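**Student:** In case you want the letters, here they are:
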Amino acid sequence: MTGGPVASQEAIKQIGTNGGGFYNVNSAHPFENPTPFTNLFQIFLLLVIPFAMAWAFGLIVKDRRQGVAILAVMALLLGISVALLTVSEMAGPGTAPAAAGAAMEGKEVRFGEAGSALFAAATTGTSTGAVNAMHDSLTAPGGGVAMFNMMLGEIAPGGTGSGLYGMLMLAIVTVFLCGLMVGRTPEYLGKKIGQREIILVALYVLTTPILVLGGAAIALTASDGLAGLQESGPHGLSEAVYAVTSAANNNGSAFGGLTSGTPFWNTLLGVLMLAGRFLPMLFVLALAGLFARQRQLPPSAGTLPTHRPLFVALLSGVALVVVGLTYVPVLALGPIVESLS
Amino acid sequence: MSATPAALGQIALLVLALAVAVPLLGRYLAHLYTSPRHTRVEAGAYRLLRVDPDADQHWRAYTLSVLGFSLVSILVLFGFGRLQQHLPLSIGMSALPSDGAWNTAVSFVTNTNWQWYSGEVTIGHLMQMSGLSVQNFLSAAVGMAVAAAFARGLASSRRDGRIGNFWSDLVRGVLRVLLPPRSWRRSSSSRSARSRTSPAPPRSRP
Numbered sequence: 001m002t003g004g005p006v007a008s009q010e011a012i013k014q015i016g017t018n019g020g021g022f023y024n025v026n027s028a029h030p031f032e033n034p035t036p037f038t039n040l041f042q043i044f045l046l047l048v049i050p051f052a053m054a055w056a057f058g059l060i061v062k063d064r065r066q067g068v069a070i071l072a073v074m075a076l077l078l079g080i081s082v083a084l085l086t087v088s089e090m091a092g093p094g095t096a097p098a099a100a101g102a103a104m105e106g107k108e109v110r111f112g113e114a115g116s117a118l119f120a121a122a123t124t125g126t127s128t129g130a131v132n133a134m135h136d137s138l139t140a141p142g143g144g145v146a147m148f149n150m151m152l153g154e155i156a157p158g159g160t161g162s163g164l165y166g167m168l169m170l171a172i173v174t175v176f177l178c179g180l181m182v183g184r185t186p187e188y189l190g191k192k193i194g195q196r197e198i199i200l201v202a203l204y205v206l207t208t209p210i211l212v213l214g215g216a217a218i219a220l221t222a223s224d225g226l227a228g229l230q231e232s233g234p235h236g237l238s239e240a241v242y243a244v245t246s247a248a249n250n251n252g253s254a255f256g257g258l259t260s261g262t263p264f265w266n267t268l269l270g271v272l273m274l275a276g277r278f279l280p281m282l283f284v285l286a287l288a289g290l291f292a293r294q295r296q297l298p299p300s301a302g303t304l305p306t307h308r309p310l311f312v313a314l315l316s317g318v319a320l321v322v323v324g325l326t327y328v329p330v331l332a333l334g335p336i337v338e339s340l341s
Numbered sequence: 001m002s003a004t005p006a007a008l009g010q011i012a013l014l015v016l017a018l019a020v021a022v023p024l025l026g027r028y029l030a031h032l033y034t035s036p037r038h039t040r041v042e043a044g045a046y047r048l049l050r051v052d053p054d055a056d057q058h059w060r061a062y063t064l065s066v067l068g069f070s071l072v073s074i075l076v077l078f079g080f081g082r083l084q085q086h087l088p089l090s091i092g093m094s095a096l097p098s099d100g101a102w103n104t105a106v107s108f109v110t111n112t113n114w115q116w117y118s119g120e121v122t123i124g125h126l127m128q129m130s131g132l133s134v135q136n137f138l139s140a141a142v143g144m145a146v147a148a149a150f151a152r153g154l155a156s157s158r159r160d161g162r163i164g165n166f167w168s169d170l171v172r173g174v175l176r177v178l179l180p181p182r183s184w185r186r187s188s189s190s191r192s193a194r195s196r197t198s199p200a201p202p203r204s205r206p
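Protein chains in written order, with this note's numbering: chain H, 1 to 341; chain B, 1 to 206.
Quick caveat, the hints were computed from the structure, so don't treat them as lab data.
Keep in mind that this is a model prediction, so the values were computed, not measured.
It cannot be assumed that every hint is accurate.
Chain H stretches covered by chain B per the calculated footprint, using a threshold of three residues with CB under 8 Å from any CB of chain B [claimed, not checked]:
no.	segment
1	2-10
2	17-31
3	36-47
4	60-74
5	241-253
6	276-284
7	288-299
The C-beta atom is built at its ideal place from N, Cα and C for all residues, glycine as well.
Produce the entire structure from the sequences given, and follow the hints as far as they go.
**Tutor:** Structure (structure tokens):
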């Protein structure tokens, strides 16, 4: 068995939400992740910086409650996906798990369904993409949740840094929508959301879906793209959609089944990763510049408080609705059809 | 069924550990990305990079720094992939194909880490350690830097469009967050330790 400098890559792979392992099977390999304790510790590592960035955000803007509100939304969305994934893996729906007694295909016995489900939720909720079980073998609803987590745009809690700015973009969308409803100029933390600001936010929100859906369309219409798929039908669609979603959202986990080491897939996914990382960053930094040119307005009677539970609920709703409206058609044809069949 | 208590138990343990660590680390990060003080190691790094860590960059200069740094990172990794058979510790691995080297270079620089290859039979030790692992640190630090810059932009009321210094965010993120703590223990207030040879700080426009 090949050995090597595994340790130098293992800790940073998790705490930097990177996910690239020394071994092909990543954290399912006993040299990378030997025991249930290391499994839990790795999950802790990959979550700690993204959540702490939200806390730090509150302190940097000199209002801790703002950071706590953002953190609460991240925790809420992650909690939902952990619950859904754990329940679907432990219930083991589908013919193969029922015949085998449990949905253990593609999972490590030392982690079990729960340890694998928790890892899968955490690795797709952050932009890590390390795996300790084969996501291709997750139950159909479980695989759907993992895909949905990435489609959220890596915000629950997201990658180191990228999770925070992704969530803040959606917070601005939320403030803007609420401003439209009451007919006032929306503002976030004393900064006005004018025309130029909201254009940048809209570009940010649109970039990844365009890359994902456009990339999927290219992959599914090119013969070189279809050649990589292992399955046909809904599961084959899921393999391709998972790959482009993972790349454009900078997650990096693979569904398996897809033979991606071909010139077509390497080139396509490389372009998606590059655009999916640096275009959003460009919009974020431009928006930061616009905000830094404004003075800080004191809150007025019409200001929507962004630290209350109401805002947490609104922001969670906006995140789910924006993603839902964008991706429901493709999810319906992939994991949802597969769950129902 | 004994699986359910185990499932709930590990989730509870995780939540507890995060509840303790997140406020502590969050406070540390907030200080890190707003403090003007540099450690001695960092001051050395800035001299090496020939940058002025105290220049408050306009957002355009900040963005160009991010993009330029990432472009160089991609080129370095691409070179690693194409030339690894000539490098030491390649343990007999041949060069990656050009599409594969492109994919891997972008993948690790963008914090994605999509892997089209099987690591243990494709990538030599030197590329694993000084190519891929290094980018694991740098790409994570770039992400944190951009988020911190955005937070500072929101908090700023100076009306000048300036959002901080990318190089200081990057170096601090690597040295004081991601690397083990030995590298920053000896802290010194060296605002004055700026480089004499640094290029003129980008003061393009207000």
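**Student:** Which hints, by number, does the structure contradict?
**Tutor:** none
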